[in-house]
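Protein chains: 4
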Amino acid sequence: MNQDTNKPQSTGGAGEICHLESDYNNGAHEAVLRHLIETNAERTQSYGDDRFSDQARQLIREACQAPEAQIWFLAGGTQTNATIIDCALQPYEGVLCADTAHINVHESGAVEFTGHKVIALPSHDGKLDADELRAWLDAYFADETAEHMVRPGMVYITFPTELGTLYSADELRTLHDICSAYGLLLYVDGARLAYGLAASSDVTLPLLSRLTDIFYIGGTKCGALCGEAVVFPKGNAPSHMLSRIKRHGALLAKSRVVGVQFQALFQPLGGVTHGEPAPTLYQTIGRQAVDLALRLRRLFVDRLGYTPYIDSPTNQQFYIIPNADLAALRRHIGFEVWCPVDATRTACRFVTSWATTEQDIAALEQLYT
Amino acid sequence: MNQDTNKPQSTGGAGEICHLESDYNNGAHEAVLRHLIETNAERTQSYGDDRFSDQARQLIREACQAPEAQIWFLAGGTQTNATIIDCALQPYEGVLCADTAHINVHESGAVEFTGHKVIALPSHDGKLDADELRAWLDAYFADETAEHMVRPGMVYITFPTELGTLYSADELRTLHDICSAYGLLLYVDGARLAYGLAASSDVTLPLLSRLTDIFYIGGTKCGALCGEAVVFPKGNAPSHMLSRIKRHGALLAKSRVVGVQFQALFQPLGGVTHGEPAPTLYQTIGRQAVDLALRLRRLFVDRLGYTPYIDSPTNQQFYIIPNADLAALRRHIGFEVWCPVDATRTACRFVTSWATTEQDIAALEQLYT
Amino acid sequence: MNQDTNKPQSTGGAGEICHLESDYNNGAHEAVLRHLIETNAERTQSYGDDRFSDQARQLIREACQAPEAQIWFLAGGTQTNATIIDCALQPYEGVLCADTAHINVHESGAVEFTGHKVIALPSHDGKLDADELRAWLDAYFADETAEHMVRPGMVYITFPTELGTLYSADELRTLHDICSAYGLLLYVDGARLAYGLAASSDVTLPLLSRLTDIFYIGGTKCGALCGEAVVFPKGNAPSHMLSRIKRHGALLAKSRVVGVQFQALFQPLGGVTHGEPAPTLYQTIGRQAVDLALRLRRLFVDRLGYTPYIDSPTNQQFYIIPNADLAALRRHIGFEVWCPVDATRTACRFVTSWATTEQDIAALEQLYT
Amino acid sequence: MNQDTNKPQSTGGAGEICHLESDYNNGAHEAVLRHLIETNAERTQSYGDDRFSDQARQLIREACQAPEAQIWFLAGGTQTNATIIDCALQPYEGVLCADTAHINVHESGAVEFTGHKVIALPSHDGKLDADELRAWLDAYFADETAEHMVRPGMVYITFPTELGTLYSADELRTLHDICSAYGLLLYVDGARLAYGLAASSDVTLPLLSRLTDIFYIGGTKCGALCGEAVVFPKGNAPSHMLSRIKRHGALLAKSRVVGVQFQALFQPLGGVTHGEPAPTLYQTIGRQAVDLALRLRRLFVDRLGYTPYIDSPTNQQFYIIPNADLAALRRHIGFEVWCPVDATRTACRFVTSWATTEQDIAALEQLYT
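Chains as they are written, first to last, in this note's numbering: chain E, 1 to 369; chain A, 1001 to 1369; chain Z, 2001 to 2369; chain W, 3001 to 3369.
The hints are simulated quantities; they were obtained by calculation from the structure and are not laboratory data.
Possibly wrong hints are sitting among the right ones.
Said to hold, decoys possible - Cβ-Cβ distance ranges computed for the label pairs, FRET-style:
1. 68(E) <-> 2210(Z): 37 to 43 Å
2. 1141(A) <-> 2210(Z): 42 to 48 Å
3. 1051(A) <-> 169(E): 39 to 45 Å
4. 146(E) <-> 1267(A): 57 to 63 Å
5. 145(E) <-> 3365(W): 28 to 34 Å
6. 1279(A) <-> 2125(Z): 31 to 37 Å
7. 3170(W) <-> 169(E): 42 to 48 Å
8. 1279(A) <-> 124(E): 35 to 41 Å
9. 124(E) <-> 1182(A): 54 to 60 Å
10. 1332(A) <-> 2210(Z): 54 to 60 Å
Stated by the list, open to error - Going by beta-carbon spacing under 10 Å, a handful of chain E positions derived as facing chain Z:
11. 16
12. 43
13. 114
14. 115
15. 134
16. 136
17. 147
18. 178
19. 182
20. 185
21. 238
22. 239
23. 240
24. 251
25. 284
We put the beta carbon where it would ideally sit given N, CA and C, even for glycine.
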């Protein structure tokens, strides 16, 4: 394989744009692509029974320290959310989330298409407030007309959130306890999980596996061409998942296409050293993107003097940019306008990813020295 | 790229099995995979707006001689059927098909999940009979209680059918005329379209584009890792297709993953010679698999004396095998038991694909000389 | 109440038409209407909690000898079928029925609207054949691709069928045993149950309660203005039925409107004599309509020499009428053309109901002496 | 008919409770019941084709001065909302409403069951604010990701609202203009329409017919046993409504049961005097309940000194009651606790209806002189 054609094109050269628009504009991480090539000639079973999917499942179980985990591979994030929420809920149940949640805003009503209400609570920088959640649940269960209202069956959170923020382990524990107390499932949308895990000081896959009922490990935004891995960490998947998934149109005939990619993402890299398990590609991808995001942060805050719009520790960074600076910035950086802040300033989003290189950021640093 | 690792493993060696179980057990055709590699480093737009998808659409429009065609790329066959049928039908309409149709048998009720009845008519070797269809429609529209019954809105056919058979151009014209007369859409499931087109003497993409309202060009079973291309040949797609598709969970963020593959499949190969348009990879794939299926047919019928169970001109071949022969056959060929014929004989299915090689079949021929 | 305005108008006078078109063209049975009047001024709870519904439930439990039965009142038959089938099935399950079944033919796809496949087996005069059912189930559960097919979750039968025929107690027992063996629910659509019970020699409400999982007692066609009573005889209703029913739009605020009517229908009439429980209005209604149907049968077969099209013992009678006779017959009888039999004869349906009077039939008898 | 048994029981006697809990705890208005009795013996067509439904439609068209209006009779309010919203929207569209709207709170997710998102905006005493609505729509249509969000297809309002408040004619005109400008339907849930029209100074059925696309005239809470009349005032009903309604389980076989009641409700009473059209029973019912609600208001505010919780001009009245007074009040009045106001006071709801009598309120006035 030609390294030159397969490496994400460096954007750090003079006059080049450093692309920070989003984390799904590149192809696949080189190692993921290479594994697709290496395994291509092998014949396999289909519909999830292929050996690559099996091996990927085993690697994920190990990474999660969840030997009982059941794992399903789906093609994309909205598909995963709609399919899994519908499969896990009773027909008369709805799903609670922050009003900024992806399922509430940006999935064209895919959850409602399956017949379930999305019940939005206030968002605090993308996060649910545990006290507000508890108060809402208390009010619901105290209401004499509760049976005429949609029963809450699940709490949906994103990790990291749509605004790049994170729940701490303590916050997750509190949500877990609330869900247990009220009989709800806790489900984590991990479209950008690699970046969340890398940025968090205390949330890990094993912790997620203990504290949640279902979560998915995002592939599309974290180095894969496509694919998400849904984890039922306690072997708690509903029965007949294959039928349920196929009925949602979400069962891939050539399941290997996702299995192979997750095998690459969760294969420990290099050798085990000093008793520490070797990091996986998934961890490396997250680590690098977050490190570069933090360098970007220092550049924006310390050197350029911009104020964060939201205090995000992950690969999505949000800064308040004077409108007067926007055009100049655009000459060197590709980014997304988030929303106007006031008449003279705009909040903008800058996203690093597995495809962002050290050179990309170094070039920017040099530019703004 | 290492040819040795990427070429489908030859199964023709002594003692090796020639795998004819199905056409979705291999990875991608080498040229498709190569194009994924070549394009990997390029940044693109997402959600269908990437330039690879655009170029693939243009190539398909040309192959179809349908400059107005609207084309959407989805991930898999069941997803495509359920999404497109739901999008094209009015809510109160159902879809007519042969009782052997994939949507009626093997999609876990994905069409019904979207709220539409699948109305099954008798299958004749996998095909609808035009007279029976017309009689059914006459009876429906003459029925005073028709409004209490599910209104037919679409005729669904597979090309080739689940049994490997084909509609002729004349038969398609008749179905088209019936659909026009009764105000129904004609939709063709082309999961194995490459093989159908190669085997047909008179059905082509331009003809399909003229005679049908919607059809999909199957990628998963015809050389791609995943992906199907839905064609609305007359620019007749319903409005807001992006929302509709996303609502079904069928919109890929990295749409390029399918776009790139179809670009490879529909790129004309070699140079134009003698005024004839150069064949596409999609045509070559179909041609080779059908040629090998016909060699297999000569071997089974002429040399081994087996009777066809269904007279299929395409890549799915069905023969009646004496039970006494099954074990011996299995030592050299991988195949699928279809159904018992009587106490001593079994119908079996043998499927060639883009991954079947000339050497595979030659080795079998040598074995049974 | 003025008897003259409230009694169904006799059709037996000279020159009058005896209306046998269907059993839902009249208002309510006089006693049902009277009970609506008597109870009108009383204030009650709503949404099923009113005392009339409670009393009706208790009367039905007694009539069924099913003290654990849970009972829900809905407004109409299609609503009941779609709501109950959806509530009782798992999302990935479908419902088996005869191809003539109401849910398969005449409910505008209401069951499919809720996401479930209706799986039609051959109809034998409206009935399922137990051996064919067992064979279908054996084939399904033996199929390696079963998870890709809609899983059967319920057997739906009508009693009496759409063609007026009945299952015997033995036949019901066989269906019950099959359903138990394969883990399916047995559900009986009793839109015309009063007439079926009256005509059957051995099927009773207690027997239905023992042999089935769910059935509904039809009100609309059996003397009520509207309303059907769904019975879960073993206290086996799914949880949160109020929410489930409301979600289907099927929860009546003034639930009393159906409760009062079923209280009237199931109130034992007169005094208990000789230890026999007094019949209910529901039984009387069934008895009378079936007796008149049998008199009609003697008239048609013995006196007029017509051949039954289907051998129905219930209130729906089907005869083969020479086309030459149709016009003359229409001068005295209102009926429905069912279907042509051949070039010179037509099958016609004649339906008695609670609103058919002894005088109606006597007048016909006199006419054709 | 015996007046004594059919008149709502007076609650004004010494020691009796004046029942103001809700407006659906009684049977039917005497005149509605009487018409059911009068018409009971007549045979009619079914499924909406009966002559009573036809006549009721004509009366409603006249009351609405909407000769082109198409009218459908359904059984209840939640059923009507879910069925009509689903029928009128495109599959990918959602419905905008105040967050207090019945469809958002108290219908067990019936709208979402049909696949559509309910998009809640802030409620201002139960009403939408036109400026907020316009701002939301501007933001939606300006959003580059709009196609990934649920497209607004309808504005749903209640008249009167769940809190008893009313939109003025000017406010309706503004909503109409906004809906026209943005291509949305304006739909009015008139579960309590009789009371709203009686209380409004300028909103009438003809005005509603001009300014809205769809509205329903509530029967269940306004004098009928059951039933709502859906009006498409400009003949703008979607095609195949019978099939659409039946598919939702909402088509009554004995459609007369609702038709007869609406015929009674919309039959002009007495003779035309001085060129004024005679009022209908529906108007009389609304007028009386609102007059009594206003007398109640004077009693509560002027004599008892309670503060309104919400300023409602309709039959639902809300007052802030010191907790110390609750027990004493309950000895004479049946009412519903709405919500706590603070540690010592509670908001309570008092509802008059067609069944509330002048004597009921007079007795209360005497009690609190």
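Each hint, compared with the structure:
1. Checked against the hint of 37 to 43 Å, the pair residue 68(E) and residue 2210(Z) passes, with Cβ atoms roughly 41 Å apart.
2. One distance hint, 42 to 48 Å for the beta-carbon pair residue 1141(A) and residue 2210(Z), holds here, with the actual separation near 45 Å.
3. At roughly 43 Å, the beta carbons of residue 1051(A) and residue 169(E) sit within the given window of 39 to 45 Å.
4. Under the hint 57 to 63 Å, the C-beta atoms of residue 146(E) and residue 1267(A), about 60 Å apart, fit the expected range.
5. Range check, residue 145(E) to residue 3365(W): Cβ separation about 31 Å, and the 28 to 34 Å hint holds.
6. Between residue 1279(A) and residue 2125(Z) the CB atoms are about 57 Å apart, so this pair departs from the stated range of 31 to 37 Å.
7. Between residue 3170(W) and residue 169(E) the CB atoms are about 55 Å apart, so this pair departs from the stated range of 42 to 48 Å.
8. For the hinted restraint 35 to 41 Å between residue 1279(A) and residue 124(E), the CB-CB distance of approximately 59 Å leaves it violated.
9. Evaluation of the 54 to 60 Å hint for residue 124(E) and residue 1182(A) yields a pass: the beta carbon distance comes to about 57 Å.
10. Between residue 1332(A) and residue 2210(Z) the CB atoms are about 57 Å apart, so this pair conforms to the stated range of 54 to 60 Å.
11. The beta carbon of residue 16(E) is not positioned within 10 Å of any beta carbon in chain Z (closest approach about 49 Å), and the interface hint is therefore violated.
12. Below 10 Å, beta-carbon pairs count as interface contacts, and residue 43(E) has none with chain Z, the closest being about 18 Å; its hint is therefore violated.
13. The criterion of a C-beta within 10 Å of any C-beta in chain Z is met by residue 114(E), whose closest approach is roughly 9 Å, and the hint holds.
14. Restraint check, residue 115(E) versus chain Z: the minimum CB separation of about 8 Å is within 10 Å; hint holds.
15. Because the smallest distance between the Cβ of residue 134(E) and any Cβ of chain Z comes to about 22 Å, over 10 Å, the interface hint for this residue is violated.
16. Hint status for residue 136(E) relative to chain Z: violated, with the closest Cβ pair at about 18 Å, above 10 Å.
17. Checking residue 147(E) against chain Z: minimum C-beta separation of about 5 Å stays under 10 Å; hint holds.
18. The criterion of a C-beta within 10 Å of any C-beta in chain Z is not met by residue 178(E), whose closest approach is roughly 21 Å, and the hint is violated.
19. Here the hint on residue 182(E) is broken, as its CB sits about 15 Å from the closest CB of chain Z, past 10 Å.
20. With its C-beta approaching chain Z no nearer than about 16 Å, residue 185(E) sits outside the 10 Å limit, and its interface hint is violated.
21. Because the beta carbon of residue 238(E) sits about 9 Å from the nearest beta carbon in chain Z, less than 10 Å, this interface hint is met.
22. At about 8 Å, the closest approach between the beta carbon of residue 239(E) and any beta carbon in chain Z falls short of 10 Å, and the interface hint on this residue holds.
23. Annotation: interface hint on residue 240(E) holds; nearest CB of chain Z at approximately 5 Å, less than 10 Å.
24. For residue 251(E), the shortest C-beta to C-beta distance to chain Z is roughly 8 Å, which falls under 10 Å, so the interface hint holds.
25. Here the hint on residue 284(E) is broken, as its CB sits about 37 Å from the closest CB of chain Z, past 10 Å.
In the structure shown, a violation is registered for the earlier hints numbered 6, 7, 8, 11, 12, 15, 16, 18, 19, 20 and 25, in ascending order.
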